[in-house]
Amino acid sequence: MPVAEVKAVLEAEGRDFKLCEVDPPIAVIEVDDIGICTLLKERLAMTLEGIELLFKCETDPVEIERSMRDVDFCFLKGKTMAIRISKKASYINISSLELERKLGAMVLERAKNAKVNLRSPDVVLRGVLTSSFYFGVKMFEVDRGAYDLRRPRYRPFFHPGSLEPRICRLFVNLARSKKGSIFLDPFNGTGGFSIEASMIGCQVIGLDIDDEMCHGALKNLKSLGCSVVGVIKGDARRLPIIEESVDSIATDPPYGRSTSLRKAMLEDLINSLLDQSKGLLKKGGHLCFAHPAWLTDIKIPSSMTLVEQHEMRVHKSLTRKITVLRKV
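Quick note on numbering: our numbering labels position 192 of the sequence shown as 192, and the sequence is numbered without any gaps.
Hint data in this document are derived by calculation from the structure and do not stem from the laboratory. It is possible that part of the hints are untrue.
[Stated by the list, open to error] With a Cα cut of at most 30 angstroms, we get these calculated DSSO-like pairs of lysine-lysine:
(1) Lys316 to Lys282
(2) Lys283 to Lys41
(3) Lys18 to Lys138
(4) Lys41 to Lys138
(5) Lys7 to Lys179
(6) Lys56 to Lys41
(7) Lys219 to Lys233
(8) Lys18 to Lys321
(9) Lys56 to Lys79
(10) Lys115 to Lys77
Treat the numbers as computed from the prediction; the structure is a model and nothing was measured.
Kindly produce the complete structure, drawing on both the sequences and the hints.
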């Protein structure tokens, strides 16, 4: 899912890119402008960091040193630097600390007037040992702590079953939402998806059948300084929204939770959502929604196409399937 999220954000922003390879936990993506890193840092939830790749080689000390000699480190002239190596595979018999020291010495030999500063370097050179060795310049690190500060239990209105902010942001990103676009969550609940959509600059509309949820969601949105078009009390099976007025929809229907929609068959509820989404979404708009993996009789409208599906284990008796559709 981290790779899918990066792709979704780049597509939403209309950027040219090429997915070169996926070697978990590494994905190599060629982008048209390295400046996109600023946007990715602000948008992504499932990624740890972004690195401008200098080289990739076998996880062999000799090959690593040979590849290092081919790198022009003139960009470090007069700057301070630090090298950080992490090992992501237990079978690799290389000491990260020893490799940091050895590569650091090689860099200092080749970079004029460069100095080591382990606390606050101008440049961090980043290496990752996995099935291959990846080495480059660290461009950004996602602030995961910011997501933690928005966790449901820290908000003024709480309800059990609320998704964590990083998961909410993932859904919003997979729906190809972007700044200035119209975003809708027809099962708004406590406002988790609306909060994350507002954080990236969307014009947010939330809807819920429960009056308490509507008021609680507004409290949560206001407490975080989020702007919102409106939170509407209404039935998601009869959405009071103008057709072809929404750019993206991300939602988590109330499966397995105590709600006023509990009498409706989940299957009918999901299919009703899909049927209405085809009318509400603008051409090219996306819908990202979740449902239990055991629910298979989902009827995708002919005017929508399947973009991707992912599975996320919640606990031993529930696996959440995340489905993304696009209106054609």
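Q | Unsatisfied constraints (hint numbers, rising) | A | Result: hint 1 breaks, nothing else.
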